[in-house]
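Enquirer: Start from chain L and add chain H according to the hints.
Note that the protein sequences, when read in sequence, are chains L and H. Residue 1 is where the first sequence starts when you use the numbering used here, and the numbers rise one by one after that. Residue 1001 is where the second sequence starts when you use the numbering used here, and the numbers rise one by one after that.
The set of hints was computed from the structure by calculation and includes no laboratory data. Computed from a predicted structure; not experimentally measured. Mixed in with the good hints, there may be bad ones.
[To be verified] Taking lysine to aspartate or glutamate and the EDC-like style, the derived pairs with C-alpha atoms no more than 20 Å apart in a straight line are:
1) H:K1263 with L:D169
2) L:K93 with L:E161
3) H:K1151 with H:E1140
4) L:K257 with H:E1184
5) L:K93 with L:E42
6) L:K257 with H:D1106
7) H:K1263 with H:E1011
8) H:K1151 with H:E1011
9) H:K1263 with H:D1066
10) H:K1263 with H:E1044
11) L:K93 with L:D169
12) L:K93 with H:E1011
[What the hints assert, rightly or not] Footprint (simulated), chain H over chain L, 3 or more residues, beta carbon under 8 Å:
13) 14-28
14) 38-45
15) 115-129
16) 138-148
17) 159-171
18) 201-207
19) 245-259
Using N, Cα and C, we set each Cβ at its ideal position, and we do this for glycine too.
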Amino acid sequence: MKRLPVILAYIVLVLGGILMIFPFVWMILTSLKPFAELFNLEVLPREPTLENYRQVLTQTDFPRWFLNSLGIAGITTISVLFFDSLVGYTLAKLRFPGREIVFVLILATLMVPTEMLVIPWYVMSVGYGWVNSYWGILFPGLISAFGVFLMRQFFQSLPTELMDAGRIDGLSEFGVFWRVAFPLVRPALAALGIFTFLGNWNAFLWPLVIIQSPEMRTLPVGVALFSGEAATAWHLIMTASSLSVLPVLLVFLFFQKQIIEGVVLTGVKG
Amino acid sequence: MKPRFSLATREALWAFAFLAIPLLFFLFIRIYPAFQALWLSLFEWNADPAKRQYVGLEHYSRMLADPTLGRALRNTALYTFIGVPLQIALGLAIALLLQSVTRLRDLFRAIYFTPYITPAVAVAWVFSWMLSPNFGIVNEILGLFGIPAQKFLSSPSQALLTVTAIVVWQNLGFQIVLFLAGLESIPRTYYEAARIDGADGWAMFRYITLPLLNPVTVFSAVIGTIGFLQLFTQVVNLNFTDQGGPVNSTLTIALYIYQLAFKSFNLGYAAAVTVLLFGIILVITLVQLRILSRRVEY
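Excised from the complex, chain L in its bound form (with noise of 0.2 Å):
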């Protein structure tokens, strides 16, 4: 009697299961098919080809528009864990007059929307011609005051005795975050680093305003004003977007476990 409620919910998660695959499938058949078995809509391609590939490839600016995110989102990342981390760890372990305000400063930040903060960041990247370049793109993301808030939590549990060592031995107090603390946060320092590059590499509300020419487009940005253009050629549009979700997957293919971690670790305890 106890079996059938769990192949019950074997049937159930296999059904969700494919609710969640089938479009990532349908996308990738598609991108395999010429244009004209676009809409006849037989599942495999009678003639597969990587046509659509070589096509969106070098007919498009599309490698570009991969380095630019990667790039953009690298940087941001790198940037957003050292100074994260940096401030993270100073309001945890260090002593000063304005810790609390300073930490409550940066906390009533996250209270404010994105939305509302475009239009002074665009207005302000007109004035100092930021408007369509890597910088303007990169800097509202260089440093995040959840990432803040988050490596504060994770410095607080190191115990002082550690960092006082590190003075002993004669480190500079550079030294001993940068030798001793920074090293031993590094669970928290993956799921940061990993949501940040994901966040960034998926951005496009910020990228679609400040970017102007094609040559500077980001992925998404990229990928979804070459599909309005493209129309019906749904053919080229999958294509475009499987290039631009396969590296997630295989991303996410390898570091699957510290991914899913990181979201219990920043969801659950942030």
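Expert: Just chain H, lined up with the frame of chain L:
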């Protein structure tokens, strides 16, 4: 006494040195712009700062009589009220199912989680292809069951629900992972004790699982609400050539702000709408934290 004093000063100096750049960042990139948005909302926008005209609260009174804003507010409320409970209920249900099986749990979890990390832009285009009224695979499948073709994203009555379903599809994995972690943190002994007291499955769910999951549910509701209130990327890409959907049936506040600011360059009025959005998010978050995070005592 002197060395101790200088040691404290030294520590404070280091702290300020560490904080210098980040504080400048938060002041100029996060805090100042928030106030600037308030300030801009009081002016009629002009690219030339000298020609910006002070209009006081005119933009705010204009909002009261703006039917498109009303539409965007109503849609955003619908997205949130349908989407958040739906994704919490489904996420919890699937997490419970996952907990009841022993084999392939990690595989299922990974499969359900995948959409969450994929770019929303790509997801939106894949769905708009699958849901295409004439050539979409979904209508083809519905046809196999004798269901007539639906218009989905191009129907004023279906578009909003379709967008909601797609967003929930994408968010579901996040909910599942959170709830699964929450479920695993509930001590087994509680259930064993309840079983000895003669509690049935529903009673255990109602009086043990739900109350102890409360922190996770609160977190998930708050994050989900903030996400739905700022819905933008999916709405833009799902109806790319008709942004806002048929008769603005999918228009959200965030998309309306974008259109006002960067299509019609009405930055002053757009800034006023962002202030409204800020107010809505602030109030709802505070209310949710208050209502949902009532402490559970045993």
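Enquirer: Confirm or reject each hint.
Expert: Going through the hints against the structure:
1. About 60 Å separates the Cα atoms of K1263 (chain H) and D169 (chain L), which puts this hinted pair outside 20 Å; it is violated.
2. Between K93 (chain L) and E161 (chain L) the CA atoms are separated by roughly 11 Å; this keeps the pair inside 20 Å, and the hint holds.
3. Pair hint K1151 (chain H) plus E1140 (chain H) holds up; C-alpha atoms about 12 Å apart against a cutoff of 20 Å.
4. Restraint check: the Cα-Cα separation between K257 (chain L) and E1184 (chain H) comes to about 16 Å, which is no more than 20 Å; the hinted pair holds.
5. Note on K93 (chain L) and E42 (chain L): the hinted pairing is violated, with a Cα-Cα distance of about 62 Å set against a maximum of 20 Å.
6. Simply put, K257 (chain L) and D1106 (chain H) have alpha-carbon atoms about 9 Å apart, close enough for the 20 Å limit, and the pair holds.
7. Only pairs whose Cα atoms come within 20 Å are accepted, and K1263 (chain H) paired with E1011 (chain H) is rejected, the gap being roughly 51 Å.
8. Restraint check: the Cα-Cα separation between K1151 (chain H) and E1011 (chain H) comes to about 65 Å, which exceeds 20 Å; the hinted pair is violated.
9. Distance restraint check for K1263 (chain H) and D1066 (chain H): the Cα-Cα separation of roughly 17 Å lies within the 20 Å cut-off, and the hinted pair is therefore satisfied.
10. A threshold of 20 Å between alpha carbons decides the hint, and for K1263 (chain H) with E1044 (chain H) the separation of about 16 Å falls inside it, so the pair holds.
11. Under the criterion of a C-alpha separation no larger than 20 Å, the hint pairing K93 (chain L) with D169 (chain L) is consistent with the structure, at around 18 Å.
12. Our distance criterion of 20 Å between C-alpha atoms is met by K93 (chain L) and E1011 (chain H), whose separation comes to about 10 Å.
13. Counting residues of the region 14-28 of chain L whose C-beta lies closer than 8 Å to any C-beta of chain H gives 9; at least three are required, and the coverage claim holds.
14. Closer than 8 Å: that is the beta-carbon criterion, and the region 38-45 of chain L has 3 residues meeting it against chain H, so the requirement of 3 holds.
15. Given a C-beta distance limit of less than 8 Å, the hint that chain H covers the region 115-129 of chain L holds, as 11 residues qualify and 3 suffice.
16. Coverage of the region 138-148 of chain L by chain H holds in this model, with 6 residues showing a Cβ closer than 8 Å to a Cβ of that chain against a need of three.
17. Counting residues of the region 159-171 of chain L whose CB lies closer than 8 Å to any CB of chain H gives 0, so the stated coverage by that chain is violated, three being the minimum.
18. Interface restraint, the region 201-207 of chain L with chain H: holds (4 residues with C-beta to C-beta distance below 8 Å; minimum three).
19. Coverage of a stretch by a chain is defined here by at least three residues with a beta carbon nearer than 8 Å to that chain's beta carbons; for the region 245-259 of chain L and chain H the count is 6, and the condition holds.
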